[in-house]
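Asks: With these hints in hand, go ahead and build the complete structure from the sequences.
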Amino acid sequence: MIEAFNISKSFGSGSKNVQVLSDISFKLEKGKMLTIIGKSGSGKSTLLNCLGGLDIPDSGKINCFGIDINSLSEKKRCRFQRKNLGFIFQSNNLLSYLTVFENIVFPLFLNGYEKRDREKRVSELLEMLSLEQFAKTMPHELSGGQAQRVAFARAIAHSPKLILADEPTASLDTQTGLNLIKLMYRVGIEHNSTIIVSTHDNEIIKYADRTLNLTDGRIIGA
Amino acid sequence: MTPAFWIKTALLFLFRSKRATLALGLMIFFAVGILVFISSIAVGINDSMVLNSTGLYSGQITGTDIPDTVTRQTFLVDGVSNVLQRFQVPGILHHRGKKQMLTLIAVDPDQELKSTSLWKKIIKGKYIKDNQFEILISHDTAKQFDINPGEKVIFNSDSSAYLLIVAGIYKTGINRFDSKIAFCPISILSDQPEKWDCAVFLIPGTDTNTIMASYIQKGLNLPTLKTWEDLMPDLTQLIELNRISMGFIMVLVLGVVSFGTACAFAIFIISNIREYGIMKAMGVTPSETVMLIFTEVILLNIIASFAGTLAGLTAVLLAAKTGIDLSSFTSHNQYFAVSGLIIPRLTPFLFFLPSFLTLSFCLLSAVWPAMIVKRQRSSDILRSI
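Here the protein sequences come in this chain order: V and B.
Counted from 1, the first sequence has number 84 at position 84 by my numbering; the numbering is strictly sequential.
In my numbering, each residue's number is its place in the second sequence (first place is 1) plus 1000.
The set of hints was computed from the structure by calculation and includes no laboratory data.
Each statement offered as a hint is correct.
Calculated pairs, DSSO-like style, for lysine-lysine (alpha carbon to alpha carbon, straight line, at most 30 Å): (1) V:K115 x B:K1018; (2) V:K76 x B:K1374; (3) B:K1180 x B:K1114; (4) B:K1008 x V:K75; (5) B:K1374 x V:K161; (6) V:K115 x B:K1374; (7) B:K1008 x V:K115; (8) V:K76 x B:K1008; (9) B:K1008 x V:K136; (10) B:K1218 x B:K1114; (11) B:K1008 x V:K161.
Take a look, some chain V residues computed to stay more than 10 Å from chain B by CB distance: (12) E3; (13) S13; (14) G14; (15) K16; (16) F65; (17) R116; (18) E119; (19) K120; (20) Q133; (21) S159; (22) E203; (23) Y207; (24) N213.
C-beta: ideal position from N, C-alpha, C; glycine also.
Replies: Here is the structure:
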């Protein structure tokens, strides 16, 4: 279960202080899909970053599968992230000097998979996402849709308990975006992964078990 | 996760950041290569000064007033290539009514030709021959007597008189050689003095102190036996000065290069900060990120330094084949009396020093950007790009 209790977060200080998140609380059962909707600047990305431990909230508490991630040391939080989390960013954020294969295998290396298991898993993902012929391709040689599929493969390679996706379809055309969401939904069900997606896309909301509507850092509808 | 994973990641990072890696690698390559070559020239200059100063006449170890009970053989220990025996005979040289007080040094011409270079300083005539009543005089003496090779002189010692033919005239440019001494073969002396002088020549690379220790062990504890370092403190000091200057040059060159390298490294790492941000978002710990950056720096240095050292070594070997002739810059210098030819040489210490210093400077230069990457949160990094 993912639990957020009274999360607040601001950036800047003094007169330039901007309150990005205010008193956010929610619960999400394991294996469910949550979408966070809201306008640009409503705090969706910041909330996702806080949930994934990439940002530390100013106040409040986040429990990921029973662990208060903000109470962990930086090293332990990193270890928790590499094992339990898979991130998909708006711009694919692939490692530009690694090939498609190397990008997908990276989290498996981090999690200490054996060579045979790594290769088997990457082959499965490449096949599942129809990326076999791009295994040795560099990220800059891929189209936006292909790159986002690789980013998705990398995020789910190590079968994380929680997948966080920050507007994953924003840079894709409607059909490619929809395909990606369907795939994410299917993988979520197959692996019983919890999925949290921030989006503007109404099509994605249809697949969600629950939706949070953020405005100016506050939940105005759930 | 094994170190092999980080090494592989760092190598991929370097090889695929082609132009940036090449630019940084070339800076290190040239810095190391040039320093290796410059160091070898500095060593070559020192070698040349010692060789010129000791090889002209005196040898690396010199002894005077040695009793005739001590033979030449006594000085022949391991590491010694030759021992020259000389006798000093003070007297007066006469020619056509002119006189000059000088010391005639009786030598073994064949052995002298083998080990010394005085014969290279002959400007007229030839070197003296064994069993011939010949004399080798300095340019100053020849000028005073207005004499040329083939003419005769008379030398009067306390006990004997010799009629000698001038075989040759030499000029070294060193005052103590160019005035009031002359040379003749030992074999013509009618009565040898009781005491003799020795000049000990060592096999290249042999330490004078080791030989002195051997002599003391053999009971040859003569107070007049001195190494060239004792006899020529000015040269010893000059060599030390040369070494220190070389050290300064190395640090300065590397300081300038490392400043450039440091800036380039900072730009290199910061321009790739996105990559480190993504890695951190995937759960790479800050210390692993720092380790990756330092692995990249170390690998780049190892490769570029290795290539630079090889290039420097190749240049040294090529230059050592013919030597570098600096005679036009050394002709009036007593430490280059015989030859201004510099043979570049590398010592093991100087072979590794440039690479070691470059690596140290580059590691230092990577500290600041590594700390930036370490301290920044992945969310801040990804937000800023």
